[in-house]
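Here the protein sequences line up with chains Y and E, keeping their order. Residues in the first sequence are numbered from 0 upward in steps of one, following numbering that gives the first Met the number 0. Residues in the second sequence are numbered from 0 upward in steps of one, following numbering that gives the first Met the number 0.
If you're looking for bench data, these hints aren't it; they were derived computationally from the structure. By construction, the Cβ of each residue, glycine as well, lies at the ideal position given by its N, Cα and C atoms. Treat the hints with care, as some may be off.
[Unchecked claim] Which bits of chain Y does chain E cover? Going by a derived footprint, with three or more residues having C-beta under 8 Å, they are:
(1) 31-39
(2) 250-262
[To be verified] Okay, derived cross-link-like pairs now, DSS-like style, lysine-lysine, Cα gap no bigger than 30 Å in a straight line:
(3) Lys212/E to Lys37/Y
(4) Lys254/Y to Lys132/Y
(5) Lys37/Y to Lys105/E
(6) Lys189/Y to Lys226/Y
(7) Lys132/Y to Lys203/Y
(8) Lys226/Y to Lys105/E
(9) Lys117/Y to Lys132/E
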Amino acid sequence: MAFDRDSNLYTMVFSTVMVVIVGGMLAFVSLSLNPAQKANIANEKMQNILQAIGIPETDGVLRDNSGKIFNDFVKRRITINYKGEILSDKKVEEAIDPKDELDAFNIDLRKEYSKIIKPLINKFKGDADGFKKALNESSEIHFPIFVCENKGKTYYVLSASGKGLWDDIWGYVGLNADLTTINGVVFDHKGETPGLGSKITEKKFQSEFVGKKIADATQFMSVQVLKPGKELTEYQVDGISGATFTGVGVNEMLKRNLEVYYNFFKSNPEFSVNQVKEEAIIATTANDSTSLSKNDSIK
Amino acid sequence: MSEEKKESLFSKENKKLLTVYLNKTNPVTVQVLGICSALAVTVQMNNALVMAIALLAVTALGNVVISAMRNYIPNRIRIIVQLVVAAFLVICVDQILKAYVYDVSKQLSVFVGLIITNCIVMGRLEAFALANKPWPSFLDGVGNGLGYGFVLFVVAFIKEVLGSGTLTFPVIGKLTIIPHSVFEAGYLNNGLMLLPPSSLIIVAIFIWIQRTKTPELIEK
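Given only the sequences and the hints, what does the whole structure look like? Please build it.
Set out below in structure tokens:
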């Protein structure tokens, strides 16, 4: 053989050439497949948002169709920050520009969670006020709202992101026009235990949320996943056996995110009109059950 | 050397490379390699099929590439070279899955990436491709992929029928195997079949049956 395969020089030249060639080919593969991958991810997000509305028209919509019908239902995309200031407000006529980072559709909550919120949670363990103050000061936390319309009714799809037992979980919550009653939810996860925590993606668990409320007449309650088999109030849903910690993660995620939306809707006159009007009716019908659940939340 | 060159593409020796891994030297049930993915991706036929194709592509192409380079690879870094080739192919497969079969790629999640560390791939590169010509190496890779896929199909078939009552194939979609009337009569899906441990049991039974049928495999 012409080369001395054991010499240092040959080894170094060989590895350098190999790495450059492989790196170049990988870059080419990645670049050429990137558009198709991005379209898949965007379509999946649209699919999730459409399903979270909780109406029969978008129930079970396929990923490939989601892109086509997204604009038929989602009429407005709003981005707010933790303080409740509107950062971006786009009508359906304005197409989603992938470069517009503030467009509600382009907000990557999972990324914001792992980059900003998770470190803050660790830093302010047990210090709820400090945590809220830090969130208030951060300019990099966003909360997207998708205002959807179907047959004259308005729905609001909100997003949330958090951590389950093993890894990220995230989801979309669809509220009725009263801004308190849940009409549909979609959850997804990265690495929850198959057959246990991963069941949060199943219809059976998600349909438990429909009709539950996130607030009573005066204050925010959030929705809580309990251990299975307990008696439920209208702010609680049945959990999954063997997936207690995924449930805890879902609770934390919903509480932290929905509270921001609730405060926003309450302080913004455009939305709070709806909220108060409907709340008056709820307050009269659901008086006794709210006092019950308040006791529950104390213990 | 010259005799080898005359060897036809599908000589007895070469054909043996394709079939021997289905039974006597099956990578999963006899060599017990690549077990972890075999346990995890067998809940649906669909996943098992895509995973088997992915692994087959990686072993076959990896074998060819390494075999073609075998006279130029510096001995001291040969494992790293194999790793780079395997990793490159796996990343390509992963990217292609993400672009064209997104749902399956989500379900396979980390296991596509873990093909890199799948002992079958590295084992074949080191044991076969480094010492053989590209064509036999290619057949060896395909044979191993088929052997792995065969076990995956059997396990996935049993798991999906008993665990979900369906069979899912790419393109065709979900087929209901156990009819609704059976469920109404009180039949329940076996939840264990959806979890990885059930594959362990099925693979063990598979090995048991295989050994009773193949006397050469029985240790004295």
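Hints numbered earlier in the text: which of these fail when held up against the supplied structure?
Structure breaks hints 2, 3, 7 and 9.
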